[in-house]
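From just these sequences and the hints, can you work out the full model?
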Amino acid sequence: MEFEKNDDFALVSLFQQDNSRAESIFSILMKRHNEILYWHIRRITRNHEETNDILQNVWMKVWRNLNDFKLESSFYTWIYRISRNETINFLEKEKKFRSVEMDEAYIEILAGHETLQNFSADEISEKLQAAIETLPEKQALVFQLKFFEDLKYSEISVKLNTSEGALKASYHHAVKKIQDFLHLQLNLFQS
Amino acid sequence: MEAKKNILDYIRAKGKVDLRQDYAKPKIKKTYSKPELKQNYFEDFTADFLAKIKSEYVENKPQIIDKQLHKKTKILILKPVFWISSIAASIIVIFGINYFLNDNAKLSEISESEILAYVEENSDDFTAEEIQSHIDKSVEKKNFKEIDTTKAKTNYKKESFNEKPMQENQIPKASFNELLNSFTEEDLYLYLNSEEVDLEDLEIL
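For the protein sequence lines, the chains are A and B, in the order given.
Residue numbers for the first sequence follow the working numbering, beginning at 4 and rising by one.
Residue numbers for the second sequence follow the working numbering, beginning at 20 and rising by one.
Keep in mind that the hints were calculated from the coordinates and are not lab data.
Treat each hint with caution, since some may be false.
[What the hints assert, rightly or not] A few chain B residues that face chain A, going by a derived Cβ cut-off under 10 Å, partial list only: (1) 31; (2) 67; (3) 69; (4) 72; (5) 73; (6) 75; (7) 135.
No residue lacks a Cβ here, since even glycine has one placed at the ideal position from N, Cα and C.
And the structure:
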């Protein structure tokens, strides 16, 4: 593909300039980010079918609004924001009627922490997700890409168009906040 | 001090991390397997999605044009409650203004003699207090108008003539004497008394 070597910024600019090649440019963007976006949504819904529906809505929104995207943030930050809002809205609507079979918890607890052993992975998953929701957008994004996707700082730097130093600082702050949140939520200070 | 340990060191994300072989710490829970996805799920997803937007994109194009046209010929549709009340308010305002103007016009059409004749005929209908208060109001209005007129005249004079005020010694002597002669001794006495002037203090007396 002729555009594959272009970064997100260049692709979005091309998309906005040349409508005749919009589809091929869009397909590159999709292939580049679809999988991470999928797992990001699935960690919240913990269900494939719902994730699939939300993901379709997310890409549809991206397609319809990409011409108006101002390129003030990175493309991934923008689609992450859309997916987060879509997922929250979806779950809000479906809350009353939700009877889907949910995945196992997306985390596992390792040996060595006595108090943590008293909680199920499901409980910790929920608390961890709640903790992430309290973070500012950038920190939440960096934390998820680092903690769950295990991406290197250099990779995240390209994705978010941010320096590695700034990413390390964001991740450090995010970890600190999540730890404090979990300690408080799980009453670990009392043990 | 367990609480001070980094709690995230004991929580591992499943998925990609699972593939790593260098776990330093043993897992307590059963090993997690990442939910299975249909083979080529992401490729198929992308292809399906692109096919969908391809068909929708063509259909959407005229909609965008329609939207632009609609913008130009936008018609504001009001609910019946709004337009009925708007019309009612307009009618009230028009009639109100009309009535007010007609009333003033009718009054100005009536001559002073007609009004006096009417009052004379119907004088029994008015109490003395009513007449007194009406006269007071009329006088106030009249004075107000006179002050305004004077002001206007003064301004006009200032701009055009810059006349000097008449001095006391400019009053004709004959008329001044006439004025003094018209007062009786009693009048002067009463005036000084009203001004609380003691007659003994006046050297001339």
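Hint by hint, here is what the structure shows:
1. 31: Status holds, d = 5 Å.
2. 67: Since chain A brings a Cβ to about 9 Å from residue 67/B, closer than 10 Å, the hint holds.
3. 69: holds, 6 Å
4. 72: holds, 5 Å
5. 73: Status holds, d = 6 Å.
6. 75: holds, 9 Å
7. 135: Since chain A brings no Cβ nearer than about 80 Å to residue 135/B, farther than 10 Å, the hint is violated.
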